[in-house]
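Top line first, the protein sequences correspond to chains A and B. Plus 2 on top of the position in the first sequence (first one is 1) and you've got the numbering used here. Plus 293 on top of the position in the second sequence (first one is 1) and you've got the numbering used here.
One should not assume that every hint holds.
The following residues of chain A were derived to be distant from chain B, with all beta-carbon distances above 12 Å [claimed, not checked]:
{"#": "1", "residue": "L45"}
{"#": "2", "residue": "R59"}
{"#": "3", "residue": "R65"}
{"#": "4", "residue": "L83"}
{"#": "5", "residue": "C93"}
Which residues of chain B face chain A? A partial, calculated answer using Cβ under 7 Å [said to hold, decoys possible]:
{"#": "6", "residue": "Y318"}
{"#": "7", "residue": "P333"}
{"#": "8", "residue": "G336"}
{"#": "9", "residue": "L339"}
{"#": "10", "residue": "L341"}
{"#": "11", "residue": "K361"}
{"#": "12", "residue": "E364"}
{"#": "13", "residue": "K401"}
In case anyone wonders, no lab produced these hints; they're calculated from the structure. Where a beta carbon is used, it is the ideal one built from N, C-alpha and C, also for glycine.
So the chains spell out like this:
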Amino acid sequence: EAGVTQSPTHLIKTRGQQATLRCSPISGHTSVYWYQQALGLGLQFLLWYDEGEERNRGNFPPRFSGRQFPNYSSELNVNALELEDSALYLCASRIQGARNEQFFGPGTRLTVL
Amino acid sequence: AQSVTQLGSHVSVSEGALVLLRCNYSSSVPPYLFWYVQYPNQGLQLLLKYTTGATLVKGINGFEAEFKKSETSFHLTKPSAHMSDAAEYFCAVTSYSGGGADGLTFGKGTHLIIQP
């Protein structure tokens, strides 16, 4: 069974540009979560999508947004990039059910110059 | 709001020695607790989880953790450390409602160093 996949592996942008990161969940998983792992800030929850809808978001500005498609894959968009957006962005997926864990992808390394 | 505190950003043990990584949580609702491991330049791999039921949970690679509600703790242990255990370990908490499980709140991580 294929795991969570993310693309691209690395992404280099300049300040002010927009970045789009993609995530494909494990087959059968309907929930997708996005996390930011920035140096010195640890792992922080960004967004949660389930059945195509945004269910919750962490403490991030509105320029961080995303969507979930009918096939449950997801996009994370970061507008007006700032230097401090440089981080590893991790996607996780989860199957419905109370006791089920999140499975993580390998991440996208975003570098903002 | 939920929070996780991991005591010790770095823990060093000798190969074959006991591994103990500490995690304390804060949650106003029944917590779901997890330990994840991260190897360099990789994503997170689940070691073990506590949701309900038995408070002593066993995970992969010989790790186990005990949920102690009175102490709000979920410490991770392994009887005998192996060189391959060297990695970053994260404790995380979430809660579950009828709408699903919310995003995870992570501790800051503990870097485990194994001395030969």
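Hints, one by one, checked against the model:
no.: 1; hint: L45; in the structure: violated (4 Å)
no.: 2; hint: R59; in the structure: violated (8 Å)
no.: 3; hint: R65; in the structure: holds (19 Å)
no.: 4; hint: L83; in the structure: holds (22 Å)
no.: 5; hint: C93; in the structure: violated (9 Å)
no.: 6; hint: Y318; in the structure: violated (15 Å)
no.: 7; hint: P333; in the structure: violated (11 Å)
no.: 8; hint: G336; in the structure: holds (4 Å)
no.: 9; hint: L339; in the structure: holds (5 Å)
no.: 10; hint: L341; in the structure: violated (9 Å)
no.: 11; hint: K361; in the structure: violated (19 Å)
no.: 12; hint: E364; in the structure: violated (23 Å)
no.: 13; hint: K401; in the structure: holds (5 Å)
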